[in-house]
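Colleague: Based on the sequences and whatever the hints tell you, model everything.
Residue numbers (numbering that gives the first Met the number 0), protein chains in the order written: chain A, 0 to 214; chain B, 0 to 214; chain C, 0 to 215; chain D, 0 to 215.
Keep in mind that the hints were calculated from the coordinates and are not lab data. Any given hint could turn out to be false.
Said to hold, decoys possible - As a list, the in silico DSSO-like pairs of lysine-lysine whose alpha-carbon atoms are at most 30 Å apart:
#1 D:K135 x B:K128
#2 D:K181 x D:K146
#3 B:K128 x D:K119
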Amino acid sequence: MMAVSVEEAVAMIPAGARIMVGGFMGVGTPERLLDEVVRQHKTDLSIVSNDAATPGKGIGKLFDAALVSRLTATHIGLNPKAQQQMLANQLAVDLVPQGTFAERIRAGGCGLGGVLTPTGVGTLVAEGKRQIEVDGTTFLLETAIRAQFALVHAFLADYLGNLSYALTARNFNPIMAMAADTVIVTAEHIVPVGVIAPDHVVTPAPLVDYLITNG
Amino acid sequence: MMAVSVEEAVAMIPAGARIMVGGFMGVGTPERLLDEVVRQHKTDLSIVSNDAATPGKGIGKLFDAALVSRLTATHIGLNPKAQQQMLANQLAVDLVPQGTFAERIRAGGCGLGGVLTPTGVGTLVAEGKRQIEVDGTTFLLETAIRAQFALVHAFLADYLGNLSYALTARNFNPIMAMAADTVIVTAEHIVPVGVIAPDHVVTPAPLVDYLITNG
Amino acid sequence: MDGQTVIARRVAKELHAGDLVNLGIGIPTLVANYVPADLKVFFQSENGLIGTGPIPEQGMAHPLLTDAGGRPISALPGASTFDSAMSFGLIRGGHVDVTVLGGLQVDAHGHLANWMIPGKMVPGMGGAMDLVTGAKRVIVAMQHAAKGKSKIVARCTLPLTSTRPVSLVVTDMAVIAFSDGKASLLETAPGVSIAEVLAVTEAELVIPDTVPEMKI
Amino acid sequence: MDGQTVIARRVAKELHAGDLVNLGIGIPTLVANYVPADLKVFFQSENGLIGTGPIPEQGMAHPLLTDAGGRPISALPGASTFDSAMSFGLIRGGHVDVTVLGGLQVDAHGHLANWMIPGKMVPGMGGAMDLVTGAKRVIVAMQHAAKGKSKIVARCTLPLTSTRPVSLVVTDMAVIAFSDGKASLLETAPGVSIAEVLAVTEAELVIPDTVPEMKI
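Modeller: Following this line, the structure appears as structure tokens:
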């Protein structure tokens, strides 16, 4: 793990990058990293995130700045800007059921090629996908998702990079911290080693590549 | 969740039952439940457990009493009794790579039909299994495992059934607590609601069917 | 009593002590208001919480504790939090005893359509498909008709949420159950006749010998 | 210096600051003893721990803190614990930088066999197959020969652990690397000649122009 400034971290991200962003309706999102992505005007981004949040909040800021060309998400219902960009063909959106979305990211982080899920069988979601029968039940084969970068927000990070999360801000952050080539983390509090008890660490230190230093 | 005595809990288990047992080489194993299984002499058991531990310890006690007719595990190298029973055809053993074992149990608990893993491709483990290609890489289709009962050992259990685990005694317990019809739990300490902070609960209360009361 | 209240009160009667319950947005959210104080059920919020409590008092909200819509909630003693893979492991794995969801259409087979209106904006399915596929019981809480058109249809014309049939539909007019591809009228709402229900129900309804009035 | 020490000391030189390292039982376990004190690496124990420390002092062992063999260990400041699905997610997902494992045979393609001897007792593969398939680098630490028979073979006759080739084999006689189906002699152990290595190596070895002696 390396401690870096938010400017240095975002400078590593090229235009056109494929990026996972933690958070659920803007809760548990690395806001400082997103603000800096907007400031450095990284364009043509391919984003993997649960939702599009709302304008001005969390991942919503990237749509405000029209930086996203492709979005893999479970819904965009509360962000009219993302919807407009989709209807104007400026934004391609892949919609994925939320449980499938979580499993595909987890598979990507855990070295699995994919999972068999009953969700979506017999619906529009099944179109173009392989169906596999196990003991007489039909499942969809849903393949792994990975990204070049994961932008993760934790509650506590220690000096080594161990992370813990608070309440409903955990959401997709721990699984995304496993599913990207480079993992960049913001934390509400950076604390000494040992403050997070071993049993309470959710993301072990070796998974974190860069921790954003305080302001 | 119901609080019951160890005698009552084990009385619910029929001979021939399929049972998952938490623990890793006897660490994090529900010893009191296993002692009672031996005392009530439940025979012909089909056990799903990481290993066979050692004679006299953890799951090893079930082999001492010759109660197991089938074992799904990742290795039995340190239990000569289990080995003898296997060689004498009293015990059928299905050996599974450890990461595959964990994922199959997790799939069973999470409603997945199975996972695609690269582990075992091109080895004896692949025999009789479907191979599935995703983006040019070959994976084995490993199907979900479930059981009638899961015997789980926690460090803390609160009055509602929320569980947390200690150090390396966590191992397979949390995933087994999701993968069985009936989940029976022993805990080193039963504590009031609120002692385990929400972020530190590993197994949420609704997963637990029976908590064994203090002796 | 308005229609929404009728629905919410009636659905609340379907919950049992110890149930793990997931409530969708809209009418389903209201169900929590009608659970008796002495009936202990666990409410899950799919963004990662079991043990959701009421909206916190003024000044007590925490930005990292919200429902799936991002609105502040509270947590009860004994609550637990977890990541999204776990949250949907609970849902898909059959650990959620009851989910209550809104609906656009339910057909005679109990098939639910509630996520997409073709030609209109596609907001996305969120967690609905996993909930309908995985929860032990699926209860749809919705108005019986919209703009005079029955939402209980012979066959869904909107895209399905799942091919797994729902257990029960509770509307402002009736309670309907589904089995073997047939919809049965279980109860009528207070002051609503069987004939009135039939008049605004497109799907064929099996009418048992006795159809009691909802007790709410 | 005995063979095991030579192997362990040489393997230790393959570890870099910040590496997440998983050591198998036997000779690999010894590697931890030869990591310089100022080189911070994370050791994983696959039963659910990152940050394993030395064997605890007399009277300080905890029954719930053991290595994968069930023996008491300690944990360093900054350690973390997790369940088995996470532990093997780390392994299979490529998050383990280096794994060091024992071997029965390694062939010219770098294929490892280390879990089963047909006709003998089958103890099971434990975590070996996942480690060889998933870790970023796989290093085999083993004696060069057993009972005079080369363990570096032309083709494995024992069942493979994985079809994924290992990166490096370190023996009491040599360091051998694998690429494109060919085994290359990188280094010889102190006092061992190339001819001596070749004499007990069944696999064909590519001999580069310079083959330095191991620095240990």
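Colleague: For every hint, state whether the structure bears it out.
Modeller: Verification of the supplied hints:
no.	hint	verdict
1	D:K135 x B:K128	26 Å, holds
2	D:K181 x D:K146	25 Å, holds
3	B:K128 x D:K119	24 Å, holds
This entry satisfies every hint, going by the numbered hints stated previously.
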